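A.B. asks: Take the sequences, apply the hints, and build the full model.
These protein sequence lines are chains A and B, in that order. Letter by letter, the first sequence follows residues 1 to 393 of this note's numbering. Letter by letter, the second sequence follows residues 1 to 305 of this note's numbering.
Since the hints were derived computationally from the structure, they do not count as laboratory data. There could be a bad hint or two in this list.
Said to hold, decoys possible - Keeping only pairs whose Cα atoms sit at most 16 Å apart, straight-line, the calculated EDC-like set for lysine to aspartate or glutamate is: (1) A:LYS287 with A:GLU362; (2) A:LYS287 with A:ASP258; (3) B:LYS69 with A:ASP279; (4) B:LYS94 with A:ASP48; (5) B:LYS262 with B:GLU294; (6) B:LYS93 with A:ASP199; (7) B:LYS260 with B:GLU294; (8) B:LYS172 with B:GLU292; (9) A:LYS201 with B:GLU292; (10) B:LYS204 with B:ASP97; (11) B:LYS41 with B:GLU18; (12) B:LYS275 with B:GLU265; (13) A:LYS193 with A:ASP154; (14) B:LYS207 with B:ASP125; (15) B:LYS93 with A:ASP48; (16) A:LYS201 with B:ASP97; (17) B:LYS94 with A:ASP199; (18) A:LYS256 with A:GLU303; (19) A:LYS286 with A:ASP259; (20) A:LYS275 with A:ASP154; (21) B:LYS172 with B:ASP112.
For clarity, every value in this text was computed on a predicted model and none was experimentally measured.
If you want the building blocks of each chain, they are given just below.
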Amino acid sequence: MIEMMNANYAAARAAKLARVDVTAVYPITPQTSISEKLAEMVQKGEMDAKFMMMESEHSAMSALIGASYVGARTFTATSSHGLALMHEMLMWAVGARRPIVMPVAARTIGGPWNIWGEHHDVITERDTGWLQIFCENNQEVLDTVLMAYRVAEDPEVMLPIMVIEDGFILSHTVDIVDVPEQEKVDRYLPPFKPEYPVDVKNPMRHGGLMMPDWWTEFRYLIYQSQEVARTKLLEAEKEFEAIFGRSYGGMMEYYKCDDADAVLVVAGSAAGTAKEVADRYRAEGKKVGVAKLRVFRPFPAEEVRRLADMTTTIGVFDRSYTYGDGGAMFNEVRSALQSTGSVMKDYVGGLGGRDVTVKFIEWIFDDLLRIAEAGKADRTVEWVGLKDGTGRW
Amino acid sequence: MESTESTKRYKFTIPQEEYITPGHSACPGCGEPLAMRYLLKALGPNTVINVPAGCCAVIPGVWPRYAVKVPFVDHAFECTAAVSSGIKAALEKKGMDDVTVVGWAGDGGTVDIGLQALSGAVDRDTDFLYVMYDNEAYMNTGIQCSGATPCGAWTTTTPGGKHIQQRRDKKKILDMMIANGIVYGATVSVAYPDDFIRTIQKAKGIKGPKFIHAYSPCPSGWRMDPRKAIEVSRLAVRTGAFPLYEFHNGKYSFTKEIKKRKPVEEYLRLQGRFKHLTPADVAEVQALVDREYEALVAKVGASGR
Ligand SMILES: Cc1ncc(C[n+]2csc(CCOP(=O)(O)OP(=O)(O)O)c2C)c(N)n1
Ligand code: SF4
Numbered sequence: 001m002i003e004m005m006n007a008n009y010a011a012a013r014a015a016k017l018a019r020v021d022v023t024a025v026y027p028i029t030p031q032t033s034i035s036e037k038l039a040e041m042v043q044k045g046e047m048d049a050k051f052m053m054m055e056s057e058h059s060a061m062s063a064l065i066g067a068s069y070v071g072a073r074t075f076t077a078t079s080s081h082g083l084a085l086m087h088e089m090l091m092w093a094v095g096a097r098r099p100i101v102m103p104v105a106a107r108t109i110g111g112p113w114n115i116w117g118e119h120h121d122v123i124t125e126r127d128t129g130w131l132q133i134f135c136e137n138n139q140e141v142l143d144t145v146l147m148a149y150r151v152a153e154d155p156e157v158m159l160p161i162m163v164i165e166d167g168f169i170l171s172h173t174v175d176i177v178d179v180p181e182q183e184k185v186d187r188y189l190p191p192f193k194p195e196y197p198v199d200v201k202n203p204m205r206h207g208g209l210m211m212p213d214w215w216t217e218f219r220y221l222i223y224q225s226q227e228v229a230r231t232k233l234l235e236a237e238k239e240f241e242a243i244f245g246r247s248y249g250g251m252m253e254y255y256k257c258d259d260a261d262a263v264l265v266v267a268g269s270a271a272g273t274a275k276e277v278a279d280r281y282r283a284e285g286k287k288v289g290v291a292k293l294r295v296f297r298p299f300p301a302e303e304v305r306r307l308a309d310m311t312t313t314i315g316v317f318d319r320s321y322t323y324g325d326g327g328a329m330f331n332e333v334r335s336a337l338q339s340t341g342s343v344m345k346d347y348v349g350g351l352g353g354r355d356v357t358v359k360f361i362e363w364i365f366d367d368l369l370r371i372a373e374a375g376k377a378d379r380t381v382e383w384v385g386l387k388d389g390t391g392r393w
Numbered sequence: 001m002e003s004t005e006s007t008k009r010y011k012f013t014i015p016q017e018e019y020i021t022p023g024h025s026a027c028p029g030c031g032e033p034l035a036m037r038y039l040l041k042a043l044g045p046n047t048v049i050n051v052p053a054g055c056c057a058v059i060p061g062v063w064p065r066y067a068v069k070v071p072f073v074d075h076a077f078e079c080t081a082a083v084s085s086g087i088k089a090a091l092e093k094k095g096m097d098d099v100t101v102v103g104w105a106g107d108g109g110t111v112d113i114g115l116q117a118l119s120g121a122v123d124r125d126t127d128f129l130y131v132m133y134d135n136e137a138y139m140n141t142g143i144q145c146s147g148a149t150p151c152g153a154w155t156t157t158t159p160g161g162k163h164i165q166q167r168r169d170k171k172k173i174l175d176m177m178i179a180n181g182i183v184y185g186a187t188v189s190v191a192y193p194d195d196f197i198r199t200i201q202k203a204k205g206i207k208g209p210k211f212i213h214a215y216s217p218c219p220s221g222w223r224m225d226p227r228k229a230i231e232v233s234r235l236a237v238r239t240g241a242f243p244l245y246e247f248h249n250g251k252y253s254f255t256k257e258i259k260k261r262k263p264v265e266e267y268l269r270l271q272g273r274f275k276h277l278t279p280a281d282v283a284e285v286q287a288l289v290d291r292e293y294e295a296l297v298a299k300v301g302a303s304g305r
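C.D. replies: What follows is the structure, encoded as structure tokens:
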């Protein structure tokens with residue numbers, strides 16, 4: 001059924017459709033309305049889940065780890081400081097192999113205070129072992145939550161997944177969303193049945209002390225599951241398409257990349273803007289493309305490498321900054337492309353809620369086309385749109 | 001246990017099933033495995049325990065060995081009560097209402113870093129049993145002062161026995177939890193197994209958040225002979241340093257009444273952690289214990305038993 005809703009409501013609806021058993025919430029802008037919607041649906045009896053009001057995000061994640069151990073399908077949402085406060089338990093969820101699914105309305109972390117969108121919160125958690133999927137629009141948020149449970153709960157994966165929606169840009173913007181029928185979702189998503197639940201009839205210890213003699217092997221198994229998740233993500237999307245008729249390009253979507261002079265790698269809602277600019281440029285005969293980085297963990301190195309066969313010049317847009325030599329996305333794309341001879345440049349911007357406008361993307365494409373023509377980049381990293389006194393922005 | 005000539009002569013008042021197997025890795029004389037042993041005797045096999053960092057994460061064994069016969073969930077330091085809430089919610093969702101969820105944590109993991117989660121779980125009205133085993137310091141990291149370390153005790157962060165900030169006594173965690181809204185609260189001691197088990201069995205039958213403060217001697221941290229662990233625990237009760245009482249339906253009552261309290265010095269002098277105390281210090285501790293004990297007697301009196 002077609003409805004109008006923002007990405008937060010889309011995420012909450014997805015939780016209901018997924019027949020989540022246990023939710024634990026704590027408010028933080030711009031995620032809060034996900035929690036509120038869950039509360040409303042549970043209180044009205046529309047959603048059959050246990051709803052826990054927590055006293056912090058750290059406790060919310062902790063509670064879900066406990067619930068998931070018993071075999072409950074679990075759901076929460078957060079942003080920014082909340083995600084950072086969860087950090088310890090994010091790591092624990094991975095080590096405990098808990099298939100928790102959590103939308104994150106990506107947002108700046110202070111100080112100073114800023115509630116608006118960027119990717120620094122989620123990028124900071126990239127080494128926790130959570131799978132991370134960036135969404136371009138509200139429909140993708142709803143659909144990805146459903147796919148995420150399929151992948152997370154797969155016995156060969158058993159890892160938690162973050163479904164990332166840009167704070168305010170998606171979380172608070174109403175768009176058309178095709179809400180799937182429950183019966184179809186039930187067909188797509190069977191109930192969660194863990195192999196080793198907490199069970200008084202079969203007592204075990206879960207997460208007990210482990211010495212150096214086996215720790216490495218357990219980390220290796222997590223690594224292996226992340227690798228298996230690549231195939232599982234593709235399978236989940238293929239089956240999703242078969243039932244619901246929608247798909248999102250797997251790990252990386254190549255939009256007009258084939259014969260492009262330059263391609264911009266971009267994650268999240270800015271991919272939509274970039275695609276639109278690419279369309280206009282193509283109409284003018286300027287050959288640019290967009291590579292939408294949908295899955296950031298596991299990192300799609302193979303898919304990134306394919307770009308080298310399509311184009312010479314590759315830009316990366318980072319909506320966060322990893323203090324060092326360029327943003328995190330740029331560095332990972334660069335390392336995937338090493339020895340391909342691609343010319344590369346990192347564009348940092350859209351921080352703390354600054355709009356990523358058509359003009360902003362045009363500036364990047366123009367720069368990239370210049371680089372393509374010159375055959376080399378003027379510099380490695382550029383912060384785009386800085387108020388630098390030149391009057392350019 | 002099979003009945004032999006010697007056991008036949010006694011009538012055991014406590015359940016004989018064992019849920020802690022030999023092979024745990026507590027120090028000699030540690031009160032914690034005893035406390036968990038009594039707890040499980042009282043609760044039986046339909047129990048799930050979750051524990052944070054602390055000796056509780058080490059004592060049950062190193063993977064893949066495990067010395068406890070009920071499901072056990074380990075997790076990070078500050079989240080015991082939150083994890084309990086999650087486990088309970090999932091059990092309820094699955095209609096498994098006959099399983100007792102026990103959050104089990106040390107004093108540091110309760111009165112300090114885990115206090116927020118505990119308060120939240122009580123506020124959420126989680127139907128669980130929270131047991132704080134109190135060895136009166138951060139033992140697993142090597143005897144640092146916690147909010148439950150008694151006045152005057154030596155620890156590695158209070159090397160002179162004095163709190164650097166100020167002199168003060170243990171945080172009144174049971175009072176805090178009563179103010180927070182628990183339905184049942186009690187103190188228990190490994191020196192009194194009958195009372196321990198009776199108390200836990202009573203708590204089990206009550207719905208809602210329940211808080212148990214369990215005295216748990218730590219010979220390593222208290223600098224004492226492991227053979228004296230139970231003696232010291234008993235003295236703690238008899239001197240009034242750790243009175244055994246309960247709170248239920250808004251009323252306080254002693255679960256182990258002490259007619260004539262012994263001088264607290266007898267308790268202190270068995271432990272190396274108090275050996276630096278001067279007679280004046282001991283008098284000060286005695287005054288503190290008296291004050292606390294009389295306040296408790298007044299509360300019990302006001303409850304009109
Ligand atoms: C966030 C965090 N900070 C510090 C630690 C280190 N740590 C592990 S066990 C422990 C002491 C636990 O003390 P307590 O709760 O009193 O239990 P005990 O060791 O006495 O059994 C500490 C500080 C930790 N695991 N996590
Ligand atoms: S350090 Fe203390 S509490 Fe920990 S196992 Fe040893 S005796 Fe028990």
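A.B. asks: Tell me, which hint numbers fail for this structure?
C.D. replies: Numbers 3, 9, 20 - these are the hints that the structure violates, sorted from lowest upward.
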